[in-house]
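Undergrad: If you want the building blocks of each chain, they are given just below.
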Amino acid sequence: EAGVAQSPRYKIIEKRQSVAFWCNPISGHATLYWYQQILGQGPKLLIQFQNNGVVDDSQLPKDRFSAERLKGVDSTLKIQPAKLEDSAVYLCASSLAGTSLETQYFGPGTRLLVL
Amino acid sequence: EDKVVQSPLSLVVHEGDTVTLNCSYEVTNFRSLLWYKQEKKAPTFLFMLTSSGIEKKSGRLSSILDKKELSSILNITATQTGDSAIYLCAVGVGGYSTLTFGKGTMLLVSP
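Keeping their order, the protein sequence lines are chains H and S. Residues in the first sequence are numbered consecutively from 59, following this note's numbering. Residues in the second sequence are numbered consecutively from 179, following this note's numbering.
It is worth saying that the hints were derived from the structure and are not from the lab. Glycine residues also receive a C-beta, built at the ideal position from the N, C-alpha and C atoms. Don't take each hint at face value.
The list that follows gives simulated cross-link-like pairs (lysine-lysine, DSBU-like), each with its CA atoms no further than 30 Å apart [stated by the list, open to error]:
hint, chain 1, residue 1, chain 2, residue 2
1, S, Lys235, H, Lys120
2, S, Lys219, H, Lys69
3, S, Lys235, S, Lys215
4, S, Lys219, H, Lys102
5, H, Lys102, S, Lys218
6, H, Lys129, S, Lys234
7, S, Lys218, H, Lys120
8, H, Lys136, S, Lys215
9, S, Lys246, S, Lys181
10, H, Lys136, S, Lys281
For each label pair, taking beta carbons as the anchor points, the in silico distance ranges come out as [what the hints assert, rightly or not]:
hint, chain 1, residue 1, chain 2, residue 2, range
11, H, Ser124, S, Gly237, 40 to 46 Å
12, S, Ile232, H, Gln99, 23 to 29 Å
13, S, Leu286, H, Arg67, 35 to 41 Å
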């Protein structure tokens with residue numbers, strides 16, 4: 059079974075620039091998550107999709123971050139404009155149906171450095 | 179606000195030692211507790227503990243959930259250098275699988 063795919067693996071941008079990350083979940087997984095992991099911290103949920111609808115985006119900085127999952131499969135996360143404090147690893151995860159008794163499977167992440 | 183606290187934050191042991199990692203939580207509507215191992219980037223799943231499954235074991239790794247004390251431990255016996263990683267504890271709350279993670283424990287196993 060193929061895992062969660064993410065691209066790019068690394069990205070370096072200057073502050074105030076924009077950046078986009080892509081995620082393709084495990085086939086058949088209805089739920090997709092984007093996490094932000096700052097160095098020395100655990101992952102923090104940014105947004106959770108159930109199919110193509112948003113379940114939880116309470117911790118997404120909506121003035122600069124946006125995400126979509128138009129066809130209920132792959133997803134993009136965008137930052138515009140980027141700030142220095144956005145430097146982090148952005149992890150995408152997926153689970154089968156989105157219940158709290160399921161395992162979430164993580165992709166390799168995208169390491170973002172904002173200069 | 180839901181909170182997950184892991185201890186210690188870092189740990190150095192010698193190959194062959196046994197280690198115990200701790201995770202405590204304060205959350206509303208607890209559903210599950212998960213342990214992940216993170217090497218380089220992607221966290222990989224180790225165990226899920228719930229009210230109906232409070233003890234899990236796989237090879238040299240085992241974990242127990244104490245719902246009374248709102249905590250869990252992860253034990254690794256006969257540690258190997260390949261066990262060096264960050265171990266993350268996460269708690270699932272509510273009907274949806276929202277996970278709150280701790281900061282992790284960085285384990286270094288020296289040869």
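Undergrad: Can the restraint linking H:Lys136 and S:Lys281 be considered satisfied, given a maximum Cα separation of 30 Å?
TA: holds (25 Å)
Undergrad: Verify the proposed pairing of H:Lys129 with S:Lys234, using a straight-line Cα cut of 30 Å.
TA: violated (37 Å)
Undergrad: Can you confirm whether the C-alpha distance between S:Lys218 and H:Lys120 stays at or below 30 Å?
TA: holds (29 Å)
Undergrad: Would you mind confirming whether the straight-line C-alpha gap from H:Lys136 to S:Lys215 stays at or under 30 Å?
TA: holds (27 Å)
Undergrad: So if I understand the rule, the pair passes when the alpha-carbon distance is 30 Å or less; does S:Lys235 with S:Lys215 pass?
TA: holds (15 Å)
Undergrad: For the pair H:Ser124 and S:Gly237, does the Cβ-Cβ distance stay inside 40 to 46 Å?
TA: holds (43 Å)
Undergrad: Quick one, are S:Lys219 and H:Lys102 close enough, alpha carbons at most 30 Å?
TA: holds (14 Å)
Undergrad: Look at the Cβ atoms of S:Leu286 and H:Arg67 and judge whether their distance stays inside 35 to 41 Å.
TA: Given range 35 to 41 Å: violated, Cβ gap about 25 Å.
Undergrad: Given the hint that S:Lys246 pairs with S:Lys181, test it: the Cα-Cα distance must not exceed 30 Å.
TA: This hinted pair holds, its Cα atoms lying about 16 Å apart.
Undergrad: Given the range 23 to 29 Å, decide if the beta-carbon distance of S:Ile232 to H:Gln99 lies inside it.
TA: Because 28 Å falls inside the window, the suggested range holds.
Undergrad: Do the alpha carbons of S:Lys219 and H:Lys69 lie within 30 Å of each other, as the hint requires?
TA: holds (15 Å)
Undergrad: Does H:Lys120 sit within 30 Å of S:Lys235, going by the straight-line distance between their CA atoms?
TA: Distance ~41 Å between S:Lys235 and H:Lys120 Cα, so the pair is violated.
Checked against the numbered hints given earlier, this structure breaks hints 1, 6, 13; the rest are met.
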